[in-house]
Amino acid sequence: MTLPPSIKKAVERESEGLNKSKSKKLLEETERRFREMSVVPAEAVGVISAQSIGEPGTQMTMRTKHFAGVTEMNVTLGLPRLIEIFDARREPSTPTMTIRLQDDVASDENKVREIAAKILEVSFESIMKEIVIDLLNFKIEVTLDNSSMESFNIDIKDVEKAMNKVFKKHKIVILKSGLIRLSPKDTKTILNLYKMKMKLKSMHIRGVPGIVQVLPIKRRGSWIIMTAGTNLRRVLKVPGVDPTRTFSNNIHEMFRVLGVEAARNSIVNEALGTLKQQGLEVDIRHIMLVADTMTLNGDIRGITRYGISGDKASVLARASFEVPLKHLFNAAVHNEVDNLSSVIENVMINQPIPIGTGLLKLVVKRDKK
Amino acid sequence: MVPKHEKLSKAKAKELLEKYNVVPNQLPQITLTDPTLENMEVEAGDIIKITRKSPTAGESVYYRVISIG
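Chains as they are written, first to last, in this note's numbering: chain F, 1 to 369; chain Y, 1 to 69.
So that you can see chain Y by itself, here it is in the shape it has in the complex:
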């Protein structure tokens, strides 16, 4: 049920934003209190890479930026 969540490094995050030509607040969000982030060292503004198992594409990658509460 819960796909893989990983934190993107600062450099990777910058690369991503440039690739899609977006700023962080245009990305989908995930709250800092989300249970999946409990054991990760993250802070608001970090970008989380989510690798979903998709029935249509096999595997799909989704990004969420951490928002406060």
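Isolated chain F (complex conformation):
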């Protein structure tokens, strides 16, 4: 077995100044220790990982929500979050992003706040005071909220621009006082009017769609932006954002935008972070093994009966996990064969399991004569 390059480099650095025989000895000793430390062939690493993550899991808080201190945001943590990660749920229950900024921006609070304001989604609903459907004259009347418009730094011209885009054919009257009248052009049905009202309310004015909250915070001397709601693809393109260190806690989003390897890293980071936050130390190797398994076929599969556990080759192994009858019936219908080559099947039929010394088999090569 060869040493990993990083260890080799470290040894070389240490042996600088030593004479040749000594440095050779050091390398040999390091190699010996390394071999001793490594996992032996046929060790059941998966089971050990499962136990190593499962046991601390029993100690985790069962409560779903926590106020995560300074961040002032309600983020799902603890066991529910861990389950979310390993099940590979499509959407996390609290989607958040951590946005890191380019070095020249990250130290300047004003610039950071500027970017944060640019990212935050402002919809029409958040800048209006009142919306009324006038059935007599077939109109929608809106009163804008000047104070909230000011706080978002939005001009009435921005509103006009956005409205002209969305309601091209309709008649729009915008008064300086912040009163907007919108009357539909053609079909004059109440349903139509109602639909327009809903459309107007959710109209996008500025920012990145999906980001409902932004929070610039200072961490270790430089500013980062935390968000509620995610839209990784769009945020990565915002000038000033460092695309290599910005991430979302939605693993599927990471997969879609940055690929499997980023998703794998994000599984490792999220799981480890969740455990750490609860004060539990699990060796990162266990989590890396799980993450590698979850991304094995280039997609993300959770450890559920629809994901990895449903993919096992053996009928009996699948049946032993969840919903046994379904698997047994289906196997019978499809005339499936079980080669009894894995662990669980052999436990069931009381045979030696192929782990450790049980994996080794004797093969005889007979002379061809």
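In case anyone wonders, no lab produced these hints; they're calculated from the structure. Where hints are given, some of them may not hold.
[Claimed, not checked] Calculated lysine-lysine pairs in the DSS-like style (CA-CA distance at most 25 Å, straight line):
no.	chain 1	residue 1	chain 2	residue 2
1	F	Lys8	Y	Lys4
2	F	Lys8	Y	Lys53
3	F	Lys218	F	Lys169
4	F	Lys361	Y	Lys19
[As the list claims (entries may be wrong)] Far from chain F, some chain Y residues (derived; all Cβ distances over 10 Å):
no.	residue
5	Glu6
6	Lys7
7	Ser9
8	Lys10
9	Lys12
10	Lys14
11	Leu16
12	Glu18
13	Val22
14	Val23
15	Pro24
16	Asp46
We treat Cβ as the ideally placed atom computed from N, Cα and C, and that holds for glycine.
Place chain Y on chain F using the hints.
This is chain Y only, laid out in the frame that chain F set:
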């Protein structure tokens, strides 16, 4: 977040398969539609070498074979 991805040449790929005594479908996979492969000239069956930064080993090398969709 995204480690380095490179395509292995045919000769290198063969060498790798012989070294580990495996056939391509025993390797972990990466889909052809993966965003990291967007700007690379690759096709299904190619082997991608991924150099990860690992907190335990400093740098670790991983291989994925490209699968269809």
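Now for the hints, and whether the structure bears them out:
1. F/Lys8 to Y/Lys4: Distance ~21 Å between F/Lys8 and Y/Lys4 Cα, so the pair holds.
2. F/Lys8 to Y/Lys53: 16 Å, holds
3. F/Lys218 to F/Lys169: Violated, at about 47 Å.
4. F/Lys361 to Y/Lys19: Satisfied, since the Cα-Cα distance of roughly 22 Å is no more than 25 Å.
5. Glu6: 12 Å, holds
6. Lys7: Label holds. Min Cβ-Cβ 14 Å, cutoff 10 Å.
7. Ser9: 21 Å, holds
8. Lys10: The claim holds: Y/Lys10 sits with its nearest Cβ about 21 Å from chain F, beyond 10 Å.
9. Lys12: 18 Å, holds
10. Lys14: 21 Å, holds
11. Leu16: Non-interface label stands for Y/Leu16: nearest chain F Cβ at 15 Å, farther than 10 Å.
12. Glu18: 17 Å, holds
13. Val22: 14 Å, holds
14. Val23: Per Cβ check, Y/Val23 is outside 10 Å of chain F; nearest 16 Å; holds.
15. Pro24: 13 Å, holds
16. Asp46: 13 Å, holds
In this structure, only the earlier hint numbered 3 is contradicted, and the remaining ones agree with it.
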